[in-house]
Amino acid sequence: MKYISTRSQSPELDFEQAATCGLAPDGGLYVPAEWPKFDHHELESLIGKSYCEVVLEVLRKFAGDSVPRDQLNQIVTDAYSSFSHPEIAPIREIRPGVYMMELFHGPTLSFKDYALQFLGRVMDWSLRKRGEHLTVVGATSGDTGSAAISAVAGRDTIDLYMLHPFQRVSKMQRRQMTTNQDSNIFNYAVNGTFDDCQAIVKTIFSDHEVQRHHALGAVNSINWGRISAQVAYYFYAALKIGALNTKVSFAVPTGNFGNVFAAWTASKMGLPMGKLLVCSNANDILTRFFESGEMTKLGVKQTVTPSMDIEVSSNFERYLFELYDRDGDRVDSLMQNQTKTGKFKIEGDKLMQSREHFSAYRVNDEQTCETIAQHYSETGEIIDPHSAVALNAVNQAESGLEPPVVVVATAHPAKFPETIERTLNTEIPMPKQLQEIIDLPERYRRISSNPEDLKTLMLAS
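Here our numbering is used: the first residue of the sequence shown is 1, the next is one more, and so on.
FYI, nobody ran anything at the bench for these hints, they're computed from the structure.
Check before you lean on any hint, since a few could be wrong.
[What the hints assert, rightly or not] Listed next, the in silico PhoX-like pairs over lysine-lysine satisfying Cα-Cα at most 25 Å (straight line):
#, residue 1, residue 2
1, Lys49, Lys268
2, Lys345, Lys301
3, Lys49, Lys37
4, Lys432, Lys171
5, Lys2, Lys61
6, Lys350, Lys275
7, Lys297, Lys268
8, Lys2, Lys37
9, Lys301, Lys340
10, Lys268, Lys247
11, Lys275, Lys247
12, Lys247, Lys297
13, Lys37, Lys247
14, Lys350, Lys247
15, Lys37, Lys268
16, Lys129, Lys2
17, Lys268, Lys350
Build out the structure end to end from the sequences listed, making use of the hints.
Here it is in structure tokens:
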């Protein structure tokens, strides 16, 4: 299995290489040179399999021969051994034809654990085998940071520089990152937005002076290893609800487009797929795109769903590559236009083609909190704000959706106690993982949104 850049000007890599690097040298993102497939017989053979068994079969398709099967099995088993629920990604029916998949049973209580616990171990295995060291640079809108830190903390093969936007993540999300005291973890609060953090990361990856001092890698969803592990839970969901012979729709809280792109990837691999609901908050650049075909930056708004306070959805480039029949030059032109002007526009026929797969919805803060309250009133269950955005989108779309529909619940509600307690007027029980960090000292440094600040710190280390 080989991987190519969405801008078509970089050498092919195998899975091991793609999982330990960030952007391609030409600025693009890596995708499989050909999409691996499951035939119907292979899918049927997965019925009744455990989560780890499904993950292993999906990842074997992506890894090819670059990671031996026994090694891959060991990595997968180890990656999910600390998850708190025996099913790892439990799925329950919340009303007829509508299901909720809980992706918050990992060590940091968000869906990011499902990919990063795997990715951290793959990186460590690869680096030890080659006797190498990697400097990982990442940006987080809230959950990637703590999940990445949990995955690589204490590993002598990896240093992690993690950027988060100052005062734009929840207090609990921040503490999950900044209370870590391992010497290979470096936390920075950027005076700016998540998009500013992402821009710093991309600048660092293209800086030749930094590259001479550090071998660079990524843990954001620009890394294909992240996406590949996320694909697995879409297969698992369809298997669990017995939907291999019917099309399943998924409602996905969406910021950087990685999670919903993983669902689209599952459809390319043979999973019968209905609609993919792209569920955004007031930062609705993707909703506007699927309405008009134009991707235009208007500025980031701060919301009660901070992990979605994003305006530059990095993974959308991967979808554009497919939409334009893998024309890397065309993708490069669109991306360059966005960088220079803050926008790009696709043709009408391409917009219609994209709507065959995706429907997009915007949900404001008031609607989000109303959905949390309504779900609590009807079921007695508390959901986090991001999951509420997806559930609200299903409520908006339901008359036009064929069941089954799976709402992807991406975070534990206790990560957002201020919003939950204000909405429900009740205290939310605190999981052990969060109780343990309440009184720990924090360790982070504030920097500006100028990439030179981080570059100076990295060159001095």
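Results for each hint:
1. Lys49 with Lys268: Distance ~21 Å between Lys49 and Lys268 Cα, so the pair holds.
2. Lys345 with Lys301: Roughly 22 Å separates the two Cα atoms, so the pair holds.
3. Lys49 with Lys37: OK: Lys49 and Lys37 at ~18 Å, within 25 Å.
4. Lys432 with Lys171: 17 Å, holds
5. Lys2 with Lys61: With Cα atoms ~11 Å apart, Lys2 and Lys61 stay inside 25 Å; holds.
6. Lys350 with Lys275: 17 Å, holds
7. Lys297 with Lys268: 29 Å, violated
8. Lys2 with Lys37: 14 Å, holds
9. Lys301 with Lys340: Holds, at about 22 Å.
10. Lys268 with Lys247: Given pair Lys268, Lys247 holds - Cα atoms ~13 Å apart, limit 25 Å.
11. Lys275 with Lys247: 8 Å, holds
12. Lys247 with Lys297: Judged against 25 Å, a Cα distance of about 34 Å means the pair is violated.
13. Lys37 with Lys247: Given pair Lys37, Lys247 holds - Cα atoms ~17 Å apart, limit 25 Å.
14. Lys350 with Lys247: 23 Å, holds
15. Lys37 with Lys268: 7 Å, holds
16. Lys129 with Lys2: Distance of about 20 Å is within 25 Å: holds.
17. Lys268 with Lys350: Holds, at about 18 Å.
Figure legend: structure checked against the earlier numbered hints; hints not met, in rising order: 7, 12.
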